[in-house]
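Participant: Quick note, the sequences are listed as chains G and R, same order.
Note that our numbering numbers the first sequence so that position 255 is 257, with each residue one more than the last.
Note that our numbering numbers the second sequence so that position 204 is 728, with each residue one more than the last.
Keep in mind that the hints were calculated from the coordinates and are not lab data.
Predicted, not measured: the structure shown is a model, and the values here were computed from it.
Be aware that one or more of the hints could be misleading.
Below, in silico cross-link-like pairs of lysine to any residue (SDA-like), each with a Cα-Cα straight-line distance of 20 Å or less [claimed, not checked]:
#1 LYS624/R <-> LEU80/G
#2 LYS184/G <-> ARG111/G
#3 LYS246/G <-> LEU80/G
#4 LYS184/G <-> LYS624/R
#5 LYS624/R <-> TYR38/G
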Amino acid sequence: MTSAAEAAPRELAARPARVRPARFLLPLYTWLVIAYTIVPIGVMVAYGFNRAPSGRLTFRWIGFTTEWYRHVFDIADLTSALVNSLELATASTLISLVLGVPLALALARHRFRGTAVVDSTIFVDIAAPSVVVGASLLSFFITLNVARGLGTILVAHVAFNVAYVAVVVRARAVGLDPAIEKAAADLGAGPFTAFRTVTLPLLAPGIVAAALLAFAMSIDDFIITQFVAGQTLTFPLWVYGAVKVGIPPQVFVMGTLIFAAGVLVAVANTVLQRRTELG
Amino acid sequence: MATGLRSRLTPYLLGMPGGVYLAVFFVVPLFAVLSVSLQTGNPDAGFVLTWHWGEYVTAIQRYHTQFVRSFEYAGISTGLSLVFAYPMAYWIAFHGGRHKSTYLLLVLLPFFVSFVIRTLAWQFILSDQGFVLGTLKGWHLLPQSTHVLSTPTAVLAGLTYSALPFMVLPLYVALERIDPRLVRAAGDLYARPASSFLRVILPLSAPGVFAGFLLVFVTNVGDYVNASILGGPGTTMVGNVIQTAYLQNFDYPMASALSSLLIAGTLLVIFLYARAFGAARIQEYA
Numbered sequence: 003m004t005s006a007a008e009a010a011p012r013e014l015a016a017r018p019a020r021v022r023p024a025r026f027l028l029p030l031y032t033w034l035v036i037a038y039t040i041v042p043i044g045v046m047v048a049y050g051f052n053r054a055p056s057g058r059l060t061f062r063w064i065g066f067t068t069e070w071y072r073h074v075f076d077i078a079d080l081t082s083a084l085v086n087s088l089e090l091a092t093a094s095t096l097i098s099l100v101l102g103v104p105l106a107l108a109l110a111r112h113r114f115r116g117t118a119v120v121d122s123t124i125f126v127d128i129a130a131p132s133v134v135v136g137a138s139l140l141s142f143f144i145t146l147n148v149a150r151g152l153g154t155i156l157v158a159h160v161a162f163n164v165a166y167v168a169v170v171v172r173a174r175a176v177g178l179d180p181a182i183e184k185a186a187a188d189l190g191a192g193p194f195t196a197f198r199t200v201t202l203p204l205l206a207p208g209i210v211a212a213a214l215l216a217f218a219m220s221i222d223d224f225i226i227t228q229f230v231a232g233q234t235l236t237f238p239l240w241v242y243g244a245v246k247v248g249i250p251p252q253v254f255v256m257g258t259l260i261f262a263a264g265v266l267v268a269v270a271n272t273v274l275q276r277r278t279e280l281g
Numbered sequence: 525m526a527t528g529l530r531s532r533l534t535p536y537l538l539g540m541p542g543g544v545y546l547a548v549f550f551v552v553p554l555f556a557v558l559s560v561s562l563q564t565g566n567p568d569a570g571f572v573l574t575w576h577w578g579e580y581v582t583a584i585q586r587y588h589t590q591f592v593r594s595f596e597y598a599g600i601s602t603g604l605s606l607v608f609a610y611p612m613a614y615w616i617a618f619h620g621g622r623h624k625s626t627y628l629l630l631v632l633l634p635f636f637v638s639f640v641i642r643t644l645a646w647q648f649i650l651s652d653q654g655f656v657l658g659t660l661k662g663w664h665l666l667p668q669s670t671h672v673l674s675t676p677t678a679v680l681a682g683l684t685y686s687a688l689p690f691m692v693l694p695l696y697v698a699l700e701r702i703d704p705r706l707v708r709a710a711g712d713l714y715a716r717p718a719s720s721f722l723r724v725i726l727p728l729s730a731p732g733v734f735a736g737f738l739l740v741f742v743t744n745v746g747d748y749v750n751a752s753i754l755g756g757p758g759t760t761m762v763g764n765v766i767q768t769a770y771l772q773n774f775d776y777p778m779a780s781a782l783s784s785l786l787i788a789g790t791l792l793v794i795f796l797y798a799r800a801f802g803a804a805r806i807q808e809y810a
């Protein structure tokens with residue numbers, strides 16, 4: 003037997019083995035994992051339609067009703083917790099854009115003293131366990147004797163959102179060619195005009211993505227918020243508090259509505275972006 | 525001259541507001557924790573910095589079980605989510621074709637549901653009379669006495685579930701960057717699929733594994749929501765202890781000592797992992 007003859011059957015044996023798991027097992031596995039991710043979401047949507055005679059959900063399925071969709075805002079303190087969450091998400095997104103976009107530009111465009119320090123601070127801010135971030139902010143507020151409430155929650159949300167905005171916008175800014183801005187300057191545009199008419203539109207997709215991420219992070223945050231909230235309740239805090247006494251179906255209805263809105267915005271954003279990139 | 529000075533100042537002016545904000549509301553508070561952990565006093569009279577290290581000794585004596593358990597749960601859930609996520613990220617990256625972004629969106633769907641509600645949904649799924657256990661018991665496939673809630677299994681299921689998207693994303697990014705020609709070249713050089721996977725794909729995806737490990741392990745080691753909604757008295761994690769000490773007992777020095785120990789322990793694990801497997805350019809992926 004020559005070595006070539008040995009190699010040939012080995013290759014023949016290797017080929018199907020290389021293709022088969024990719025063709026059959028891996029997609030099956032992927033779909034199983036996707037099912038695992040979707041099941042709890044399905045549970046949330048389904049139990050929003052479950053009959054609950056006492057106004058509190060039981061684990062048992064009793065029957066289909068759309069009653070909770072008609073009475074979604076009937077629980078006053080739950081609704082006001084949701085309003086708090088929406089206000090906090092809006093405010094913290096705006097503030098973190100104002101602080102984070104220039105920071106991202108500084109990091110993407112310039113080498114300056116302290117780049118490494120700012121860089122690693124942002125990284126640690128994103129990677130630190132929430133319980134530590136929450137505990138440290140609470141220690142800080144206690145030390146300064148600051149009363150906890152909406153204001154301290156806002157401060158905390160901006161503190162993590164600035165880091166997310168900086169990372170997302172920076173990724174977009176790094177890809178921009180500085181020559182474009184220089185060309186604008188050569189054509190007589192001042193630095194502010196060049197920024198407003200050239201840089202900002204090019205950064206826009208990154209800024210939109212950062213804003214969506216910041217909004218989602220704020221509305222979803224539980225652990226850090228619980229530490230700095232005092233007596234104020236946000237939507238996740240209200241839900242957590244209700245776990246021990248029983249969950250009203252409205253919680254799952256609101257969860258479903260937030261979910262639907264989030265998916266719609268994400269899909270719309272992707273479609274719009276694809277369209278602008280094509281056109 | 526004036527423009528030169530201005531352009532040299534530009535990055536500082538741009539970075540200043542955000543940088544100062546992070547310094548005041550993220551970095552300084554981290555030191556506030558250390559300071560509070562060395563204070564003595566009570567909630568009514570106030571606390572004074574006395575450099576009293578005793579809280580650390582008490583914290584370890586009283587809560588070492590919860591500490592070890594947190595690292596154990598975080599380790600297991602990180603491992604499980606890696607096992608779930610890797611083949612999937614691999615398949616999407618190499619065989620996803622035109623639908624890559626659709627698959628990714630499906631994996632990321634949990635991000636659109638509030639974290640607390642997701643955990644709550646698991647409580648409904650795993651409850652004794654819920655549709656999984658209830659149905660299986662109805663068919664007499666499980667004894668009536670079976671229950672999953674308040675066991676470590678329930679907490680691990682919740683932790684692994686919430687970890688999954690954080691694991692898939694960095695893995696996908698790392699795998700997507702691998703040039704398929706490298707894999708084909710390995711095949712042309714008579715590498716068997718297994719060895720081309722072990723010697724080409726796996727090493728090249730290592731930064732993604734590290735980023736996933738970092739995101740998931742760090743999030744889960746400090747989590748207390750899963751343990752409190754899905755767990756029982758036997759599954760208390762250090763996050764639960766810190767939360768109770770801070771928000772119910774107002775024992776700030778003890779809570780801060782525990783937080784400091786948690787930071788130290790987490791950094792140690794990350795450091796050991798990075799030493800063992802190398803950590804090239806993590807930040808890019810995280």
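Participant: Next, verify each hint and record whether it holds.
Facilitator: Going down the list of hints, with the structure as the test:
1. In summary, the hint linking LYS624/R to LEU80/G is not supported, as the alpha carbons are separated by about 38 Å, beyond the 20 Å threshold.
2. Between LYS184/G and ARG111/G the alpha-carbon distance is near 13 Å, which keeps this suggested pair within the 20 Å criterion.
3. A threshold of 20 Å between alpha carbons decides the hint, and for LYS246/G with LEU80/G the separation of about 15 Å falls inside it, so the pair holds.
4. Straight-line distance between C-alpha atoms of LYS184/G and LYS624/R comes to about 37 Å, which puts the hinted pair past the 20 Å bound.
5. For the suggested pair LYS624/R and TYR38/G, the alpha carbons sit about 19 Å apart, so the restraint of at most 20 Å is met.
Of the hints listed earlier, those the structure fails to meet are numbers 1, 4, in rising order.
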